[in-house]
Every structure is written in C-alpha cells, then in structure tokens.
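A.B. asks: Numbering (the working numbering), first residue to last: 2 to 234.
Each hint should be verified, as a subset may be incorrect.
[What the hints assert, rightly or not] Distance condition first, Cα-Cα at most 35 Å in a straight line; then the derived DSBU-like pairs of lysine-lysine:
hint, residue 1, residue 2
1, Lys127, Lys164
2, Lys130, Lys164
3, Lys88, Lys130
4, Lys88, Lys194
5, Lys194, Lys160
6, Lys48, Lys130
7, Lys160, Lys72
8, Lys72, Lys48
9, Lys127, Lys88
10, Lys72, Lys88
11, Lys127, Lys194
12, Lys127, Lys48
13, Lys48, Lys88
14, Lys48, Lys194
15, Lys88, Lys160
16, Lys130, Lys160
[Unchecked claim] DEER-style ranges, computed between Cβ atoms:
hint, residue 1, residue 2, range
17, Gln54, Cys32, 18 to 24 Å
18, Gly155, Ser97, 47 to 53 Å
19, Ala69, Phe115, 20 to 26 Å
20, Leu185, Asn226, 18 to 24 Å
21, Gly111, Ile33, 17 to 23 Å
22, Thr202, Met30, 21 to 27 Å
23, Ala69, Cys218, 31 to 37 Å
Hints listed in this document are in silico derivations from the structure and should not be mistaken for laboratory results. Predicted model, so just to flag it, every value in this text is computed and none were measured. Cβ atoms here follow ideal geometry from the backbone N, Cα and C, with glycine treated the same way.
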Amino acid sequence: VAAETAPYLHTHALWTWEFLVQRSVGLRMLCIEDVDLGSGPLEWLCKGLRSHQEIQALHLTGVHLGPAGSKMMRNVLAQNRSLIEIKLDSCGLLDSGLAELSDGLIDHCGQLEFLSLRQNLITSRKLSKLVAALCAEESSPSLGELDLSENPLGTEGAKELAKALSSSSHNLRVLRLQDCQMDLAAFWRLVAKLDNDRPLTHLDLRVNPVGSGTRRCWRGTMAPNIRCEVMLS
C-alpha cells in the first residue's frame with residue numbers, strides 16, 4: 002500500500018487491531034516488536050486471532066503480556082486452527098504465563114508446529130504443566146519445535162524436560178535450550194533419555210556450563226550411536 006493511502010495505525014487505539022486482524026481476512030503473518038499494547042488493544046488483538054482462519058505465523062517480541070495477557074493468549078492457542086508458528090519472546094510470561102499457555106496447548110486442535118518462548122524468566126516451577134501438554138496421550142499437540150532458550154530452567158527444569166523426552170507421546174523434533182543454566186547433571190539427565198525410536202533429531206544445549214571433558218566424552222563415545230544431534234558449545 003502506498004504511504005499516502007495507507008491508514009494511520011496507532012498501537013494504543015482499539016480500532017487499529019480490529020482493522021489489522023478482524024477485517025484482514027487474508028492476513029498470513031503478524032509481527033509486533035517492542036510495543037506495550039496494554040490490556041485493551043491486546044484483548045481486541047486476541048479476540049480477532051481466536052477466530053482468524055488464514056493467519057499462519059504470530060511473532061510477538063518485547064510485547065509485555067504478563068499473567069493477564071497470557072490468559073488471553075491461552076484462548077488463542079486453544080481456539081485458533083490456522084496458526085503454524087507462534088513466537089512469544091521477551092514477553093514477560095513468567096511461570097504463571099507458561100501455565101496458562103500449557104492449558105491452551107492441551108486444548109489446541111490446530112496444526113501448530115513451532116513455539117518459541119525465549120527470554121521470559123520461566124523457571125522449572127510450572128514446567129511440569131508444559132510437559133503434560135506435550136505428552137498428553139489423547140490430545141498430544143502437533144508441535145515439532147520448541148524453543149525455551151534464555152530461561153533459567155536449571156537442573157530441575159532438565160529433570161522435567163527429561164520426562165517429555167522419555168515419553169513416546171510427544172512429537173518434538175527440535176528442542177532448543179540455549180543458555181538455560183543447565184550444568185553437567187542437567188546435561189546427562191537429558192541425553193540419557195534420547196532414543197532412536199523417538200522423533201527428536203536436534204537437542205540444542207549451547208551456551209550452557211557443560212565442561213569440555215564432558216563434550217569430548219559425549220562426542221567420542223556416545224554421540225555416534227544416537228540419531229539425535231546434540232549441539233554443544
């Protein structure tokens with residue numbers, strides 16, 4: 002659209018999000034960065050996303066959601082059937098937000114393949130809810146790639162995620178855990194659950210305090226026998 006004919010869209014005006022989502026039936030991708038929408042515009046945005054039938058990618062980076070916004074996004078996850086890719090990076094989700102999104106994943110009936118929750122101060126406290134959603138036998142999501150990088154998950158987080166890796170119900174092919182404060186114990190908890198009969202092909206553990214000796218041991222003796230590529234640095 003030419004600049005002189007393009008509508009002026011103000012980020013805090015409710016009609017902006019009605020125009021962008023509810024009236025844009027052909028919308029395929031929505032990317033919003035470093036904007037504090039506020040509860041009103043966010044509610045309108047999520048209302049439109051819940052029933053949108055064409056949108057495939059939603060990228061929110063630096064858009065504060067918090068607990069209230071996470072509840073709205075939970076309903077988007079539960080009700081939208083067209084989204085394939087969702088990125089909610091640096092959105093202030095916290096543990097309570099992860100719990101809300103996990104509930105949305107359990108109810109999800111679409112074809113979501115990619116979910117990124119990088120840098121949201123998520124710890125291990127509510128990670129069990131996400132694991133339960135990933136491994137639900139009756140409603141296991143189609144999610145193939147999950148990115149939890151730059152969250153302080155630690156060893157306890159690795160313990161929870163190892164439960165998902167040992168399950169035959171998840172569909173994850175790629176799990177990214179860069180810079181998640183995972184030490185030597187966390188590393189062995191995770192790689193001990195790798196199985197060539199399960200779908201995981203990439204486990205990204207770069208920028209974690211795993212020693213060089215452990216890396217050499219893994220690459221020299223165990224890695225050649227495992228189909229899953231474990232990325233270390």
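A.B. asks: If a hint holds in the structure, say so; if it does not, say that too.
C.D. replies: Outcome of the hint check:
1. Proposed proximity of Lys127 and Lys164 is supported: the alpha carbons are some 14 Å apart, at most 35 Å.
2. In summary, the hint linking Lys130 to Lys164 is supported, as the alpha carbons are separated by about 12 Å, within the 35 Å threshold.
3. This hinted pair checks out: Lys88 and Lys130 have alpha carbons roughly 19 Å apart, not beyond 35 Å.
4. Distance restraint check for Lys88 and Lys194: the Cα-Cα separation of roughly 27 Å lies within the 35 Å cut-off, and the hinted pair is therefore satisfied.
5. Between Lys194 and Lys160 the CA atoms are separated by roughly 10 Å; this keeps the pair inside 35 Å, and the hint holds.
6. Distance hint between Lys48 and Lys130 is fulfilled; the C-alpha atoms sit about 25 Å from each other, no more than 35 Å.
7. The hinted pair formed by Lys160 and Lys72 meets the criterion: a straight-line CA distance of about 26 Å does not exceed 35 Å.
8. Annotation: proposed proximity of Lys72 to Lys48 holds, straight-line Cα distance about 12 Å (limit 35 Å).
9. The suggested pairing of Lys127 with Lys88 holds, with an alpha-carbon distance near 19 Å, which does not exceed 35 Å.
10. For the given pair, Lys72 sits about 16 Å from Lys88 by alpha-carbon distance, which is consistent with the 35 Å threshold.
11. Our distance criterion of 35 Å between C-alpha atoms is met by Lys127 and Lys194, whose separation comes to about 21 Å.
12. Using a Cα cut-off of 35 Å, the hinted pair Lys127 and Lys48 holds, with the two alpha carbons roughly 26 Å apart.
13. Between Lys48 and Lys88 the alpha-carbon distance is near 18 Å, which keeps this suggested pair within the 35 Å criterion.
14. For the hint linking Lys48 to Lys194, the alpha-carbon distance of about 40 Å lies beyond 35 Å, and the restraint is violated.
15. Proposed proximity of Lys88 and Lys160 is supported: the alpha carbons are some 24 Å apart, at most 35 Å.
16. At roughly 13 Å between alpha-carbon atoms, Lys130 and Lys160 fall within 35 Å of each other, so this suggested pair holds.
17. Separated by about 19 Å at the C-beta atoms, Gln54 and Cys32 satisfy the suggested range of 18 to 24 Å.
18. The hinted range of 47 to 53 Å is not satisfied by Gly155 and Ser97, whose Cβ atoms lie roughly 18 Å apart.
19. About 25 Å separates the C-beta atoms of Ala69 and Phe115, a value consistent with the hinted range of 20 to 26 Å.
20. Under the hint 18 to 24 Å, the C-beta atoms of Leu185 and Asn226, about 20 Å apart, fit the expected range.
21. In this structure the hint that Gly111 and Ile33 lie 17 to 23 Å apart at CB holds, the actual value being about 21 Å.
22. A C-beta distance of roughly 26 Å is found between Thr202 and Met30, which places it inside the suggested range of 21 to 27 Å.
23. The hint said 31 to 37 Å for the Cβ distance between Ala69 and Cys218, and at roughly 47 Å that hint is violated.
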